[in-house]
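Undergrad: Make one complex out of these two single chains by using the hints.
Chains L and D, in that order, are what the protein sequence lines are.
Take 1 as the starting number for the first sequence in our numbering and just add one per residue.
Take 1 as the starting number for the second sequence in our numbering and just add one per residue.
Certain hints may be false.
What the hints assert, rightly or not - Example chain D residues on the side facing chain L (calculated, C-beta under 10 Å, incomplete): (1) T33; (2) R34; (3) V58.
No wet-lab data here; the hints were simulated from the structure.
Just so it is clear, the structure is predicted and the values come from calculations on it, not from any experiment.
By construction, the Cβ of each residue, glycine as well, lies at the ideal position given by its N, Cα and C atoms.
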Amino acid sequence: MSKIFDIKCARDTIVSKIFYMKDAMSFRERLAWINLVSLALCYGVYFVARLQGRDSFHLFLMCLAALALIQVALKIVAAARNPVEAKAPRDERERLIDGKARTLGYYVLIVGVLTVGIPGHTGGNVVDVLNHAMLAIVVAELSVSLAQIVLHRRGA
Amino acid sequence: MPAPPPIENQIRRLRFEAGEMSQAELAARIGMTRQTVAAIEAGKYSPSLEAAFRIAQVFGVPLEAVFQWKG
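Next up, chain D with everything else stripped away, as it sits in the complex (with noise of 0.2 Å):
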């Protein structure tokens, strides 16, 4: 199994932050299924820079406070 992306994000308090939205509307908002978010929230995938891009843009706030590097 490969390891993890060294890839930390917020996006499930950001979710709980911007009116407990679910994961199926932040999904729905960026044009991907619901397990494609909860895949991104567990960190066993990395967006492409345009699917990040668009979940900063839904929450109104700066790539990097959705996405943090680790590695």
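For reference, chain L alone in the conformation it holds in the complex (with noise of 0.2 Å):
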């Protein structure tokens, strides 16, 4: 009964690797993922024209159009490839997973927080105060995106 068992398990960890590897990221991992990438892709452009000088507020408009559009659009794909899950609330691990990615991403938001008044005390104007504070809000939110996946990954 044992050898059964054992064959039947190694014949399924192969067949679920194989076939349900779609299914390994869980949907919650999947909007994680969706984070980071559209967050770093969006505001990444932005503050990169910002360092080498290109001070436009319609650049940062299109940012966020972009950024809401991409992420609308991809979130929405990911519940309609698992449309169960995306229904169900978070599961007491999912939520956990949460709790403790927020935390992080709190404290991250304290450091930025902290440092917002540097550019004024360095010359910098309302613009930059403005811009460095958008600075602390992304990577904060950067940091539960990140600390999210992991935690996933991990197992949590």
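TA: So this is what it looks like as structure tokens:
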């Protein structure tokens, strides 16, 4: 009996790795990846432009619009691929992962907020301070998404 | 990386004995995701007491038949 169990266990492991790879990632982890990639892409473009000295409010609005469009589109696709998981509430492990990730994000945000005044004291103007504040929020959100992904991968 | 909890479980064997129940089926019956069931089975996540009781109820066995404390 135990030999049959071992053989069937090995078969199940191989079958699940081949056929269920698309389900290896949970819906919540997919959302975290979507957040991470879209935030990094859209705000990355904006802040790189700022570092290059290009000061454009229009670029900021375009990046914001692109972020909203990308996130909505990708999240709809993710929900369509897995409607059962998308409709289900977070289970206890997902709530735990969310809590841990958001706690980390809170501390990252606190550090960012404490540094917001630096541009003002180093010759920057109001726009520099506001961009610094936005950067703090973006970095905090990125850290939340990254933490969620790591915890999902690790099994929390 | 924190040490895994000193808890062993027999979920995989119990699934096999319950007509080769899949992780997804067990997950659906206890109201969790397949990934959470996989994490519990692999010992990477300790379920709550309620979840542990639900798992035992699905298999129709006492709690200690599913989870064993090795601490």
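Undergrad: Next, verify each hint and record whether it holds.
TA: Structure-based check of all given hints:
The interface hint given for T33 (chain D) holds, since its Cβ lies 5 Å from the closest Cβ of chain L, which is under the 10 Å cut-off. For R34 (chain D), the interface hint holds, since its Cβ comes within 10 Å of a Cβ in chain L; the closest pair sits about 7 Å apart. Proximity of V58 (chain D) to chain L is violated relative to the hint, the smallest CB-CB distance being about 15 Å (cut-off 10 Å).
Comparing the model with each earlier hint shows a violation of hint 3 alone; every other hint is respected.
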